[in-house]
Amino acid sequence: MVDQPRYKTSDEVDFVIVGSGAAGGILAKELSSHGFRVVVLEQGPYLTEADFTHNEIEILALDKLTNHPKLQPTTVRKTPDEKAKPQRALVYGRCVGGTSVHFTANFWRFHEIDFIERSKVGPVPGAGLMDWPITYADLEPYYTKVEWEIGVSGQAGASPFDPPRSKPYPMPPLSVKSSGVIFERAARKLGWHPYPAPMAILSQARPGRSACVNCGFCLGFGCEVGAKSSSLATAIRMAEKTGRCEIRPNSYVHRIETDANGRATGAVYFDEKRNTHLQKAMAVVVCANGAETPRLLLLSTNKQFPNGLANSSGIVGKYLMFNSGGVVTGQFEHPLNDYKGYAVSRVLHNFYELDPQKVGFYGGGGLDARFDFTPISFAFGGLPPGTPRWGKDFKAALAQDFNRTMEIFCHGTSLPVENNSFSLDPDLKDAWGLPALRLTYKDHPDDLKLGNWMFKRANELFDAAGAQKKWSFPVGEQQFGVHLLGTCRMGNDPKTSVINADHRTHDVKNLFLCDGSSLVTSGRGQPTMTIEALAFRAADRITALAKRGEISA
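Take 3 as the starting number for the sequence shown in the working numbering and just add one per residue.
Keep in mind the hints are simulated off the structure, nothing from the lab.
Where is the CB? At the ideal position from N, CA and C, for every residue including glycine.
DSBU-like mimics (lysine-lysine), calculated; alpha carbons at most 35 Å apart, straight line:
| no. | residue 1 | residue 2 |
| --- | --- | --- |
| 1 | Lys471 | Lys451 |
| 2 | Lys10 | Lys431 |
| 3 | Lys243 | Lys275 |
| 4 | Lys305 | Lys72 |
| 5 | Lys444 | Lys431 |
| 6 | Lys444 | Lys305 |
| 7 | Lys169 | Lys191 |
| 8 | Lys10 | Lys305 |
| 9 | Lys458 | Lys191 |
| 10 | Lys444 | Lys360 |
| 11 | Lys458 | Lys87 |
| 12 | Lys451 | Lys87 |
| 13 | Lys72 | Lys10 |
| 14 | Lys282 | Lys72 |
| 15 | Lys191 | Lys451 |
| 16 | Lys472 | Lys360 |
Okay, the calculated beta carbon distance ranges per label pair:
| no. | residue 1 | residue 2 | range |
| --- | --- | --- | --- |
| 17 | Pro476 | Val4 | 44 to 52 Å |
| 18 | Thr389 | Asn494 | 47 to 55 Å |
| 19 | Asp83 | His56 | 41 to 49 Å |
| 20 | Lys243 | Asp273 | 24 to 32 Å |
| 21 | Ala401 | Arg543 | 51 to 59 Å |
| 22 | Lys122 | Lys275 | 51 to 59 Å |
| 23 | Asn304 | Asp495 | 23 to 31 Å |
| 24 | Val361 | Lys80 | 19 to 27 Å |
| 25 | Gly388 | Arg543 | 51 to 59 Å |
| 26 | Val4 | Ile59 | 29 to 37 Å |
Let the hints inform the model, and build the full structure from the sequences given.
Rendered as structure tokens:
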């Protein structure tokens with residue numbers, strides 16, 4: 003951590019950014035690099051590599067890196083007619099760097115189809131499918147910028163389904179794991195096209211950052227050597243070095259203030275002692291994630307904005323997408339040693355763009371080979387059905403199966419449905435006395451059909467691989483999410499979108515939103531790279547607007 007400027011809350015900075023994750027870190031770095039004074043308000047603590055451990059109880063059970071359900075409870079229901087019940091509905095990073103600190107680091111691009119689906123397939127009954135106001139070609143330079151600036155390992159041209167790219171990856175793919183070898187051999191038997199998974203993990207060292215040391219603790223954990231290309235290890239450090247960016251942790255934003263002209267004047271937040279402050283700014287950029295960003299807008303009501311800030315469309319919080327997905331698990335006769343190394347070394351996208359006329363539903367996705375269990379999590383969730391859960395037989399199963407198990411993860415589209423949403427619960431409060439998030443979610447029927455179709459492909463692959471045993475749990479309706487997408491989507495029409503193609507809200511000209519909430523479609527899983535590409539593009543657009551005087555006016 004380098005010395006940072008310490009701005010006074012009473013002094014108007016150029017930009018206050020809410021959230022320091024995948025998008026917030028990049029916007030902080032880009033805007034401060036262009037000479038602007040920036041304050042980043044992060045609700046969680048400032049942890050560094052020295053704070054990251056492999057303590058499963060501390061990290062996973064006690065939520066050291068993520069939102070805590072007792073402090074920030076949620077309620078869940080399937081339809082707007084139901085009474086929501088308290089239940090954990092989401093997980094996101096609650097520390098400097100956000101979810102990018104603990105994510106798996108799967109890092110592939112969206113394809114051209116993801117941006118023009120409505121035009122290509124037409125309307126889907128029961129879904130609010132819409133084209134993006136930008137195309138893959140518009141975003142491609144920023145995908146490349148992400149890969150080279152933060153560090154992504156991969157092999158260009160390895161998949162025949164990859165979209166066009168202007169530049170190769172900056173470093174070669176990580177070494178293949180046993181699960182990847184098994185997956186690749188079996189997939190090729192079936193005529194499919196596996197390839198090295200692009201990962202936001204270093205295969206080669208960079209200044210101040212080690213290459214991957216194959217510790218095996220990626221998903222859910224921070225990287226103690228900086229090999230994972232989190233916002234913390236990359237953009238945040240670059241932002242701090244400009245001397246114009248202050249990272250202010252333990253700052254829980256709960257309101258965006260506006261003036262009589264309807265312009266944003268700053269962000270109101272609780273500090274660590276729960277005292278309230280207003281950080282004044284020329285403009286506000288919200289990058290709080292696809293749940294907390296709409297929540298913040300809905301909390302920021304006043305006479306001018308009685309239904310929530312930037313919500314003249316009435317769709318803030320709506321059209322939530324989680325990504326469809328599921329896991330098929332297999333066991334093999336021989337040891338795999340797959341607990342070593344990063345999670346995913348091979349992926350395939352033969353099914354990225356399925357033909358609805360042939361399969362009977364809309365959607366698409368991919369399969370990847372992984373083992374993302376740690377010892378305790380495997381004991382709770384990695385053993386096959388029917389395994390004893392206590393005693394010597396349980397112990398024997400753990401000893402034998404931990405090293406002979408792998409998974410095939412199915413990741414796919416999630417259709418935007420208007421009722422699927424985050425809103426404010428009228429009864430339940432969080433630890434600060436604020437209305438809790440209420441999740442309303444019922445999967446579109448096509449999402450469930452896609453999940454079952456992908457499960458069949460995963461089972462075929464395990465059969466081709468010669469697995470001794472395989473199992474999965476039925477595809478069911480989702481009531482929990484980690485990919486929080488589409489809740490403040492971008493578009494050209496203020497009646498059907500919250501922000502424009504520059505990430506500027508239609509209603510408040512100096513308020514910008516950039517995170518998973520901005521997405522118009524879900525892609526086929528793994529949205530973080532697209533969120534970061536959008537952040538680089540948004541930074542360019544915001545900088546241009548500011549330098550033309552179109553934000554401060």
